[in-house]
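Spelled out from the first residue to the last, the chains are:
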Amino acid sequence: MKNKIISFFAGIVISIYSFGASAVTEVVWWDFLGGGDGVRMKQMIDNFNEAHPDIQINATTLEWGVPFYTKVQTSAAVGEQPDIMTYHLSRFPLAVPTGVLRPISAEELASVGITADRFFPANWEAANFGGATHGVPLDIHANVMYFNAEVLGEAGLLDENGHPTLLDGVDNFMNGLAKLDEMMEFPIGFASDNGGMIWRWWYSILNMMEGDFVDGSSICPGDKCEKSLQILIDLVEKGYMPSNVDYQSAKGMFISGESAIHINGVWEVPTMVDLMRNNELGFKFGVVDMPQVGPKMATWSDSHAFAIPHSDKNPISDEKLEAVLKVMGWMSDNSLFWGTAGHIPANTEVVDSVFYKNMQPNSTYANIGENMVVDPFLPIAGVASPTYDAFSNYIAPAVNGELSAEEAIQMMRDDLEALM
Amino acid sequence: MTKKITISWTVLTILSLIVALIFMFPLYWAAVTSLKQETEVIDPNWSIFPRILSLAAYLDVLTKSAIGTWYINSIATSIGITLLVILISMPCGYALSQIDFVGRKIILLAVVVSIMVPGTALVIALFVLISDFNMINTWSGVILPQVLSPVCVIVYKQFFDQVPKELREASIIDGATEFQILIKVYMPLNWGITTALALVTFIGAWNNFFWPFIMTTKAEMFTVPVAITSVSDAYGIFLARDMAVAILAALPVTAFFLIFQKRVTQAIMLTSGIKG
Amino acid sequence: MKKYSNSNFWGLLLAFPFIFFYVLFLLYPTIYTLLFSFTDSPLIGWGKWVGLENYFKLLNDKLFLKSLKNTFVFVFWTVVPNTLIGLMCAMMINRLKNPYIAAFLLACFFIPHILPVTVVTQVWSWMLSKQYGIIQEFLEFLGYAKIAFFKKKQFAMPAVAIVTIWWTVGFNILLFIAGLKSINPEIYEASDLDGANSWAKFRYITWPLIWPITALVLTLQLIFQLKIFDQMYLLTAGGPFNSTLVVLQLVYKQGFQMNRGGYASAIAMVLFLIIIVVSIMQYYVLRDKEKDK
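Residue numbers (the working numbering), protein chains in the order written: chain H, 1 to 420; chain V, 1001 to 1276; chain A, 2001 to 2293.
None of these hints come from the bench; they were simulated from the model. Bear in mind the structure is a predicted one, so any value in this text is a computation, not a measurement. A portion of the hints provided could be inaccurate.
Stated by the list, open to error - Distance ranges between label pairs, derived from CB positions: (1) A:I2187 <-> V:I1014: 44 to 54 Å; (2) A:L2059 <-> H:G257: 25 to 35 Å; (3) A:L2084 <-> V:L1059: 38 to 48 Å; (4) A:A2145 <-> H:P121: 42 to 52 Å; (5) V:A1056 <-> H:K313: 58 to 68 Å; (6) H:V354 <-> V:L1059: 36 to 46 Å.
Said to hold, decoys possible - Part of the chain V face toward chain H, derived, beta carbon under 10 Å: (7) I1042; (8) F1049; (9) I1052; (10) G1068; (11) V1112; (12) S1114; (13) P1118; (14) F1127; (15) I1214; (16) T1217; (17) K1218.
What the hints assert, rightly or not - The calculated lysine-lysine pairs, modelled on BS3-like cross-linking and capped at a C-alpha distance of 27 Å, are: (18) V:K1262 <-> A:K2181; (19) V:K1262 <-> V:K1064; (20) A:K2227 <-> H:K238; (21) A:K2201 <-> A:K2062.
Glycine included, every Cβ here is placed at the ideal spot set by N, Cα and C.
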């Protein structure tokens, strides 16, 4: 009956059914990589395609975050998923139980030279959430502080080595900002309307203060969550950073020299490097660890990984799987170039290589590796998770003066505890 | 007295022109932005007209995005929807207007009732249905949820009701079938209505965001309105480019409207219940 | 109506395509949604039958109640202003003596209505952008601080409403102009002789005579705006703190993001019923007015 209906429709409705049989295996690729990431990934895809005449990657970039992961989930449900996709390791605890990620066996991985010993142990462990390998890590990316060396120098906030001096302790940080505040309207360019960006900074601060996000089934035990949030609220209230700035504008504020400090991920390093190379950046910039505002140093981090979406309705064919594995292996082997996108490659051999060690300015923040903290391994956390949702919905308004820290944390607590 | 009236008319005319210009300003501003260079767009010393006219944003869109594919998807699905709506609605309107057959009253009632039914509230079921047909990410999947237009049936019925009965009776005596009467008598007499309905259906289909947004998950199947907010391949700041995409998306329907203004407005009044 | 020998055959044949699509894309999905709403199904595939559980859950779902409230708040912010502004602009255009200027003005007001919603939201995001929006320059000129319109609780809903009015008011203007044109000018001339002023003319002639159109516009707007999804999804995505989350967006969120097809269907059924009730009210309002004529 169903077939009859389908053929009936095929008869009366103009439809598209392209892609006949051919010798080249097409690999449908989805990613969410914009900005400098996007440019570099396109380059890598082109390089791959050139080196592999029998495999052709057909890449699409969708909007980062919720739109991307919603499309992935919906597509997999109806058997229209891509063959390979980028996926955040932080989202694995949420994704693995839904079955949207196809486990990749050790033999399959070994066939293209991917073995556990070539990755950072913690990273590999995260990729193996749920007892099987569900993706191959590409990189580790963390939050850093970009600074305008000229302005900081003028304000007397650089030591003799050109290293910022306002990074040690919350008072020191605030005092430094107060000095900068006399020179400019907003010392910090930060995407204060962006729940994801706030999460990354806030979660770093929470860990610096040795606070917990989750304890058993309770969210934000104690008052460290509120205290961490209060620091960000203060920054806006004191006029050190503007409220409700979107991502592009925050970056623009730093690039144009309006703000001397920019808190963002390492993925914007290439943007700055490229601008500098083209003489479009009117100043010398530097990248360092996040300002330490608590007793301990901590930096939020996450990883991009490659994963194979799974659909019961339309599982990946052997031919495509073979091609996809080749892509994964090649990308991992060649992730040195991905390092130029600011990220730390997940492949330890690449990181240990001389080429990477000489890469600038990446080597200046290489020590963040020691202080990295990842999102809690819970189905409620990770990119485009209920936690991210709560950050856009409640925490961002708090940072921007719409709610108090207590109110916002409580609203988030109510939402998230209901899901635990 | 006459002089006073002339002055007040002039004032009124000027005032309304000012209101209209303010109303149009967002579109002007979008167009101007799209013709600026990205660096000028974010320059705090903004100007109401580009300092340097630049087509860079348009070139960027045309060369670096898949806008050609999205146009093809939009055109194909909009034409598909328009044709199907007309082909489905006209015969039904004719049957309800001219033929006394079993179930006519029930069907008429069903049509009238269905005007009230909000299709978007059925999104889950329609998504599952289209998925069962394996039509997610196909033109058919975008087209099918949009082909049911009870309003068009009613408009056709109303217009066919007004055709003099003698014409039909003469044809019957000549031995024409109902189908021939529809094609040879009723359809030619109501070309204006068909054009008008086709135009609004086309514009509505071109503009629809919801159904293509739900029924497509692959970028190469997106229609223009969906693609411009769902696909990002940006590098740096790209505000001029965003506006260029918006202008390119708006161009076909705007041109359509300006060319067929009378017909479009007539059809809108017809479909909203005012007899034109 | 003269009976043709094969009238049953031809009638059903010609109506068949419509009936076919009607059953497949309207009747079937309606029944499906209703049945689905009694289950705990994911988006694709059937789950367990849970009876009315989803509906009971709805009664205690703060987010659902909030989305319901937000939808009605949005309707309040759009329907009445949109109708009144439409009437005012229509009267303004209708008074112009020069037909070319009148046509030009009508085109100006109508063009936004034929634009895709994404174009409208892109243009307005740019107009109202916190950093670079031209409206911000205007606010600064007036001595106000910059406002993140779609991020502030007190501004988000009205801002989306203003964008919506800008987008759709042309439609209302069009209907009102048609209505105003149908008023016999002799009635106004007669009232001139009686010495009626402009307000009196509006109050005692225009308003009562235009009422059927007003009622039509009001109800069309009401049904249309209850289905709000696109602009909200694109401009505020429901934030800040769910203050602009609307019913259809909750359906999308529950169904497509959280993979709860059954629960999403229950929410959809409630919206479905609300719109049906409003439509029936519209039917009676308009029918009574027809009788008055």
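Hints versus structure:
Look at I2187 (chain A) against I1014 (chain V): about 28 Å separates their beta carbons, and that is not inside 44 to 54 Å. Separation of L2059 (chain A) from G257 (chain H) is about 55 Å and departs from the stated range, judged on CB atoms against 25 to 35 Å. Checked against the given bound of 38 to 48 Å, the beta carbons of L2084 (chain A) and L1059 (chain V), roughly 44 Å apart, stay inside it. For the pair A2145 (chain A) and P121 (chain H), the supplied restraint of 42 to 52 Å holds, since their beta-carbon distance comes to about 50 Å.
Taken as a hint, the range 58 to 68 Å is violated for the pair A1056 (chain V) and K313 (chain H), whose Cβ atoms sit roughly 44 Å apart. Separated by about 41 Å at the C-beta atoms, V354 (chain H) and L1059 (chain V) satisfy the suggested range of 36 to 46 Å. For I1042 (chain V), the interface hint holds, the least distance from its beta-carbon to any beta-carbon of chain H being 6 Å, beneath 10 Å. The restraint placing F1049 (chain V) at the interface with chain H is violated, with a minimum CB-CB distance near 22 Å, outside the 10 Å limit.
For I1052 (chain V), the suggested interface contact is broken, since its CB lies about 17 Å from the closest CB of chain H, more than 10 Å. Given hint, G1068 (chain V) at the interface with chain H, is violated; its Cβ is 15 Å from that chain's nearest Cβ, farther than 10 Å. Taking 10 Å as the C-beta contact cut-off toward chain H, the hint placing V1112 (chain V) at the interface is violated, the least distance being around 26 Å. Given hint, S1114 (chain V) at the interface with chain H, is violated; its Cβ is 21 Å from that chain's nearest Cβ, farther than 10 Å.
For P1118 (chain V), the interface hint is violated, the least distance from its beta-carbon to any beta-carbon of chain H being 22 Å, above 10 Å. Here the hint on F1127 (chain V) is kept, as its CB sits about 8 Å from the closest CB of chain H, short of 10 Å. Annotation: interface hint on I1214 (chain V) holds; nearest CB of chain H at approximately 9 Å, less than 10 Å. Taking 10 Å as the C-beta contact cut-off toward chain H, the hint placing T1217 (chain V) at the interface holds, the least distance being around 4 Å.
With its C-beta approaching chain H no nearer than about 7 Å, K1218 (chain V) sits inside the 10 Å limit, and its interface hint holds. With a CA separation close to 16 Å, the supplied pair K1262 (chain V) and K2181 (chain A) stays within the 27 Å bound. At most 27 Å may separate the alpha-carbon atoms for a hinted pair to count; K1262 (chain V) and K1064 (chain V) exceed this at roughly 37 Å. Among the hinted pairs, K2227 (chain A) with K238 (chain H) is inconsistent with the structure: their alpha-carbon atoms are about 42 Å apart, more than 27 Å.
Distance restraint check for K2201 (chain A) and K2062 (chain A): the Cα-Cα separation of roughly 49 Å exceeds the 27 Å cut-off, and the hinted pair is therefore not satisfied.
Of the numbered hints stated above, those contradicted by the structure are hints 1, 2, 5, 8, 9, 10, 11, 12, 13, 19, 20 and 21, listed in ascending order.
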